[in-house]
Structure formats: C-alpha cells, structure tokens
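Number of protein chains: 2
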Amino acid sequence: MQDNRISDAVIHRLPRYYRYLSELETAGIERISSSRMSHEMNLNASQIRRDLNCFGGFGQQGYGYQVTRLKQEIMRILGIGSTYRVVIVGVGNIGQALLKYRHFTDEGYHIIAVFDSDPQLIGRDLGNITIRSMNELAGFVKENKVDIGIISVPKAYAQKTADELVSLGVKGIWNFAPVDVEVRRGVSVENVHLSDSLYILSYHMRDKSENN
Amino acid sequence: MQDNRISDAVIHRLPRYYRYLSELETAGIERISSSRMSHEMNLNASQIRRDLNCFGGFGQQGYGYQVTRLKQEIMRILGIGSTYRVVIVGVGNIGQALLKYRHFTDEGYHIIAVFDSDPQLIGRDLGNITIRSMNELAGFVKENKVDIGIISVPKAYAQKTADELVSLGVKGIWNFAPVDVEVRRGVSVENVHLSDSLYILSYHMRDKSENN
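Top to bottom, those sequences are chains C and F. The opening position of the first sequence corresponds to residue 3 in the numbering used here, with each subsequent residue numbered one higher. The opening position of the second sequence corresponds to residue 3 in the numbering used here, with each subsequent residue numbered one higher.
Since the hints were derived computationally from the structure, they do not count as laboratory data. There could be a bad hint or two in this list.
[Stated by the list, open to error] Partial pick of chain F residues on the chain C-facing surface, computed with a CB cut under 7 Å:
id	residue
1	Ile13
2	Leu203
3	Ser204
4	Arg208
5	Lys210
[Unchecked claim] Just a sample of chain F residues kept apart from chain C, beta carbon distances all over 10 Å, derived:
id	residue
6	Glu27
7	Ser40
8	Arg51
9	Gly66
10	Arg87
11	His105
12	Ala115
13	Gly141
14	Asn146
15	Leu170
16	His206
Note that the Cβ used here is the ideal one computed from N, Cα and C, for glycine as well.
So that you can see chain C by itself, here it is in the shape it has in the complex (with noise of 0.2 Å):
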C-alpha cells in the first residue's frame, strides 16, 4: 500500500468517494460497477478506476466494489475515524456553525474546547460546551495534546493565531479567515476559501447562458 504516489488531484476527490459510498452503505447496497459510479457521480468510468487502482484495486471485472470495504479504505487513507482533539479559536458565525454541525464527531474529529477574546462571550455555553478565553488557550492546549485548531477569527489576527497554535504542538491547522495561513514544515494546513465555490458557480451560469 503505498500512499505516498497517490497525486493530489485523487486526494481531492477521495471526499467524494466516501459521501457517496456512505450514502451506498446507508442505502444497504453491497456492491457498486465503475460504470454506475460513473453514471450517479457524474465522473468518467476510466478515471474512477484508475483512481482507485492508486490503493489497491478493490473492484473485480464485471463484479464491482465492495462498498463497505472500499469506503474503509478511503477512510483509512484520508485519517477519517482516527481520533482527533479540536478547540474552535474564535466562536463568531463560522465558529458557532462548525460547533453545531456534529457529525465531525461521529467521525472522530471531537470539538473539546472554544475560545474567544470578547468578554461578552467567555463563559457563555454554546451547546454542551463553556467559551473559554483566549488566556487559557495556551495552557489547555499543551495539557490536553490538541491535534487540530481551526481558525474562525478576523483576518488580521488568522496568521498570529496559527502561530500560537503551531508552537503549541497543534499539528493541523483548518482555517476559515480570508486570508492564506502559513505554517512551518511538519505542519499542515487547509485554508478554506468559501468564495471559491461562488466564483466556479458564476463561471458555470456565465458559461451556460452563452451556450443557450
């Protein structure tokens, strides 16, 4: 099994791999061809089997994937089930929404502290759980070995909080500020850019409306 020749772009799609065959499992289905995969994720058939021939193949000509199976791989490859500690750093709208959204911790990824630097929110209880300030960040950090921090804070304080965290021990970095984190080599981090999608969305109403 060798991961590390898995290419960037198959790590990208491997997401999506694993909400479909959730969605399979939960439907009770078994066993899955490339070609209805193809049909139902509206991706091409070739490209579905080579990008799962990257880890290992699991399909049997004119047999199918296991679903089952072949969404545990997935899984074990993309870390989903391992057991992650997270705090929130920043309990604004983005914070409040990833607190809420529970199935991160079905999958492992447990929400075990917030953190806040306004007075009007240290001490309040958002769900089942108490917004700490941000003075107590860097002692519940080290004592509780965090794995990840996300990042929901304003821009101009996004790189200094990363900072903090990465010298910490936090080993993963999911920021939600507008801005490009950077973070040193061992680190890694994902910046989402929720705008990104809307750019891609007007590009493809752009592109059909000239088309018609």
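Mind docking chain F on chain C? Use the hints.
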C-alpha cells in the same frame, strides 16, 4: 477566446490565481514571472504557463505577466464583477456569516433579501437587511429577477428549496446544506462540503506523521 475548451481542473484553479493576483495588485506589483508565481503559489511553473495559456498568452518570454490585465481576464472568465442579485434562504449561522461577509458585494454579488421560516427571526434586522418570511419568497424572487439562491436550510429541506428557487427562474444555486442538491439542465449548482477540506487536512497530517 475559447473559454469552452478550459478544463474543469483549470477552472478550479482560477479562483486561486484571482486571489493571488489581487494581492499582487494591492501590493502595487505590475508584472510577475511564472517562476515567482510558481514559488509563491506552490504550483509547478510549467503548469502555470499551461493554465494561463488556456485563455490567451499574457506572458512574454523573460518579461512576465501583466498583473492587472491577467487578473481582469480571469475575473471576466469567472464572471466576477458582473452584477448578480442574490437571496439567502435560511438564516442560521452559515447564512448569517455569508451575509456579514461583505466582500461579495464589492465583487458584484448583491444580497438583496434573506428568508427564514422561523417566526422568531422573521422581521428582525440583520445588518441593514430585514429577514423575510418564506411566504414572501415566490413573489420576491419573481419580481426581483434573482440570479443566485444561497441555500443554508437544514439538510431535509435543501432539495425542496432548490426546486422552488429553480422553478422561480433562479439560474444558480450555492448550497451549504450537507447534501448534494440536483438541478435541471441549464441551471448551475455548487454544493459546498465544508468537511471535505477537513478530511484533506487529516490526510496530510497522517501522511506527514508517517514520513517523519
């Protein structure tokens, strides 16, 4: 200019070029070489040259790209800077976060109304916009020629909301409910899956910890 030949992979990189070129422009930089872009964007230089050649060569050998001209061309292709009339359906945390993120407005995406079914929310002001009842949706969308509908309702209502918006003439759906909504031919949809980038993050974390 043959936009139709641009591959999906290139389209998905364009927002990133757009963000990068905007930063250069703000910094007063007029020309940029593909090798410097390569270094700063962490993309292969020949990849960059191929991407940018897809929509006309703006670079000259040894001279680099004209930042503003290239940015404007990418904006034109993505449809940024045109005027879009946008409504938000569902004013939970994500809906509120998008409403507050005023950057969209500067780029032509004008949020002209927001809707919710919660009687506690209807009539309340958010920023300088009043939350309307879902009962007003049909009348409003038809009267105001809405281009884009943002869906941030619970998962169970997402497809129904998309169907209604499309039947009222909306041509683009930007969906934040954690389910893929489907639309008829001629309409565009972007389904945003926030957790996908969390999975990619945990992939990279696992990958780095295994290779250390």
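*Sort out which numbered hints this structure fails and list those numbers smallest first.*
11 and 16
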